[in-house]
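S.K.: These are the residues of each chain, in order.
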Amino acid sequence: MSQRTNGTAELRTYAEDRQPLDRNWLHKQVRHLRLWRRFLGQAVVRETHYRAHFVTTLLVGLVQLGLGVVPILLLFGFTQEVHGWSRAEVITLVGAYQIVTGLIAAFIAPNLDRMTVYITEGELDGVLLRPVSSQFYLTLRWINVAELSNVMSGIVVLVLGLVQSGAAPTAPQILQALVLAACGVVLLATVWSAMSFLAFWLQSVNPIGAIYLNLVEAGRYPLAFFPVAVRTFLTFAFPVAFATTFPVQALAGDVGWTPVAGGIALSVVAVALVRMLWRRGLRSYTSASS
Amino acid sequence: MNTLVRNLRVLRRMTAAEIAQQSIYRGAWIIFMAANICVPIISLLIWRTAIANGAQLPIDEQYVTTYFVLLSFVTMATSSWLTGFLANDIRLGKLSRWMVRPASLLLGFVANNLSEKFLKLFALVPMIGVLWWIFRDSMTIPAGPGRWAVFAVSLVLGAILVFTIDILIASIAFWMDDVSALAQARLIIASVLSGAVVPLALMPDWSRGFIDNQPFRFTVSFPVEIVAGNLSGYDLLVGLGLQTAYVLVFGALARLVWAAGIRAYSAVGA
Chain A
0 MSQRTNGTAE
10 LRTYAEDRQP
20 LDRNWLHKQV
30 RHLRLWRRFL
40 GQAVVRETHY
50 RAHFVTTLLV
60 GLVQLGLGVV
70 PILLLFGFTQ
80 EVHGWSRAEV
90 ITLVGAYQIV
100 TGLIAAFIAP
110 NLDRMTVYIT
120 EGELDGVLLR
130 PVSSQFYLTL
140 RWINVAELSN
150 VMSGIVVLVL
160 GLVQSGAAPT
170 APQILQALVL
180 AACGVVLLAT
190 VWSAMSFLAF
200 WLQSVNPIGA
210 IYLNLVEAGR
220 YPLAFFPVAV
230 RTFLTFAFPV
240 AFATTFPVQA
250 LAGDVGWTPV
260 AGGIALSVVA
270 VALVRMLWRR
280 GLRSYTSASS
Chain B
0 MNTLVRNLRV
10 LRRMTAAEIA
20 QQSIYRGAWI
30 IFMAANICVP
40 IISLLIWRTA
50 IANGAQLPID
60 EQYVTTYFVL
70 LSFVTMATSS
80 WLTGFLANDI
90 RLGKLSRWMV
100 RPASLLLGFV
110 ANNLSEKFLK
120 LFALVPMIGV
130 LWWIFRDSMT
140 IPAGPGRWAV
150 FAVSLVLGAI
160 LVFTIDILIA
170 SIAFWMDDVS
180 ALAQARLIIA
190 SVLSGAVVPL
200 ALMPDWSRGF
210 IDNQPFRFTV
220 SFPVEIVAGN
230 LSGYDLLVGL
240 GLQTAYVLVF
250 GALARLVWAA
260 GIRAYSAVGA
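Heads up: the sequence lines are chains A and B, in that order. Take 0 as the starting number for the first sequence in numbering that gives the first Met the number 0 and just add one per residue. Take 0 as the starting number for the second sequence in numbering that gives the first Met the number 0 and just add one per residue.
It should be emphasised that the hints constitute simulated quantities derived from the structure, not laboratory data. Where hints are given, some of them may not hold.
[As the list claims (entries may be wrong)] These stretches of chain B come out as covered by chain A in the derived footprint (C-beta under 8 Å, 3 or more residues):
| hint | region |
| --- | --- |
| 1 | 32-43 |
| 2 | 163-169 |
| 3 | 195-205 |
No residue lacks a Cβ here, since even glycine has one placed at the ideal position from N, Cα and C.
My request is simple: use the sequences and hints to build the entire structure.
M.R.: See the structure below:
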């Protein structure tokens with residue numbers, strides 16, 4: 000039992016004096032990373048219970064991939080190239096799209112889909128009590144392992160596209176593409192998170208998820224296929240360009256380090272902004288159950 | 000006749016009730032419609048770029064633009080979402096409580112469908128209007144009310160066709176536990192064959208005979224073609240005839256399967 004005097008008021012607690020959970024900032028990050036590894040392990044175990052779900056997800060993913068290729072095959076039946084993009088390059092891009100959307104569907108979507116329930120049904124209460132960053136928990140707690148099969152099929156399509164287009168990316172180009180695609184995943188995840196966190200003010204955000212899922216379809220096509228105003232929107236406001244167009248251009252060797260630096264800077268800004276939005280939202284949260 | 004009048008009266012009351020209920024979610028409807036319009040806009044921009052870039056398409060810019068501007072409206076107007084709900088009602092035995100009521104089981108779904116269309120209309124029409132205005136220079140507007148009347152008729156037929164196909168697929172739940180995979184497969188197939196992804200006019204020549212006569216064309220593409228395309232009077236007649244024939248065939252089939260299903264139905268707890 001310990002006693003602390005705080006001015007005139009006396010605070011009495013019956014708990015042992017304990018070390019704070021985290022010694023420093025770095026320790027906190029490592030602890031969260033370890034936690035995430037547990038989430039992943041649990042998700043894999045859960046997936047083995049529902050093998051039919053895995054097969055269904057795989058089949059639906061494959062059909063959707065095929066469906067995404069149909070407009071492109073038709074389009075390139077009428078022309079050899081559009082704004083400097085050949086068919087093989089656009090197919091590479093479809094592969095990149097499949098990889099990025101697969102990653103988001105695996106790690107981010109299962110969480111943001113629950114946002115309405117978390118906030119309107121007061122489940123967030125239970126999260127706030129835990130010794131974990133609530134934003135981290137709400138954005139990354141659930142993982143849909145089956146969606147990773149779409150990442151695999153995306154890689155196959157990407158490689159097929161690269162072979163067809165005769166591209167031979169060097170190591171730095173592959174690094175550029177990886178960094179750009181990572182920025183794309185982070186940017187899309189933050190944009191979707193920001194849209195979902197509007198649940199603090201709007202109550203139901205399920206329709207907003209539909210907006211995201213429809214807008215992201217623009218990533219199936221190179222940026223150059225859109226009018227200039229739309230390109231700006233798809234680069235800075237809804238940055239799907241970083242997820243697909245820029246990485247594929249990097250693999251073709253058409254991108255310097257400037258967009259890579261820009262992507263990293265944009266990601267940092269986006270993460271900081273979404274963190275701020277979360278804190279604002281949390282302050283306006285009035286718990287549904289109590 | 001008496002039954003029909005009574006059913007219509009029930010339908011009217013149920014639709015009014017559904018509208019009152021669903022207008023609670025009016026904000027959500029607006030956002031949903033904004034989401035629905037995204038993909039047609041993306042396709043529109045892509046195909047216009049292709050044409051501007053010199054692609055030799057069998058259709059011109061006017062057709063492409065009119066097609067995609069109208070697409071989200073027609074898709075919405077002929078859509079139906081009852082498969083999942085009806086299949087659930089069958090599987091969970093909720094059908095029982097409809098069976099003791101003095102009107103058709105399906106009236107509730109018709110009312111739900113009508114009210115949903117009614118509310119979506121308010122959200123979608125202004126958006127289509129704005130889109131139309133932006134692309135007004137490349138829009139084809141058929142002269143005279145005749146085409147629009149045919150368009151309206153074919154829209155209603157298309158909606159009935161989608162509704163009956165939905166009932167048909169949901170009815171399989173009388174014998175199968177889970178029809179969600181089947182429903183999903185049908186959605187994916189329909190999105191290509193109905194022309195919701197790419198105008199059917201752009202499909203390759205070798206697929207023409209099949210593409211032009213398969214049922215899904217008449218759920219979305221055909222009504223749009225009436226306004227956007229240059230269907231001759233003969234094409235219109237053949238199209239409408241085929242559409243009516245499909246409505247009758249699928250209607251009869253759905254009725255048959257539904258009736259057989261109701262006989263086979265034994266709900267848990269009923």
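S.K.: Now, for every hint given, state plainly whether the structure supports it.
M.R.: To see whether the hints hold, each was checked on the structure:
no., hint, in the structure
1, 32-43, "holds (count 7)"
2, 163-169, "violated (count 0)"
3, 195-205, "holds (count 5)"
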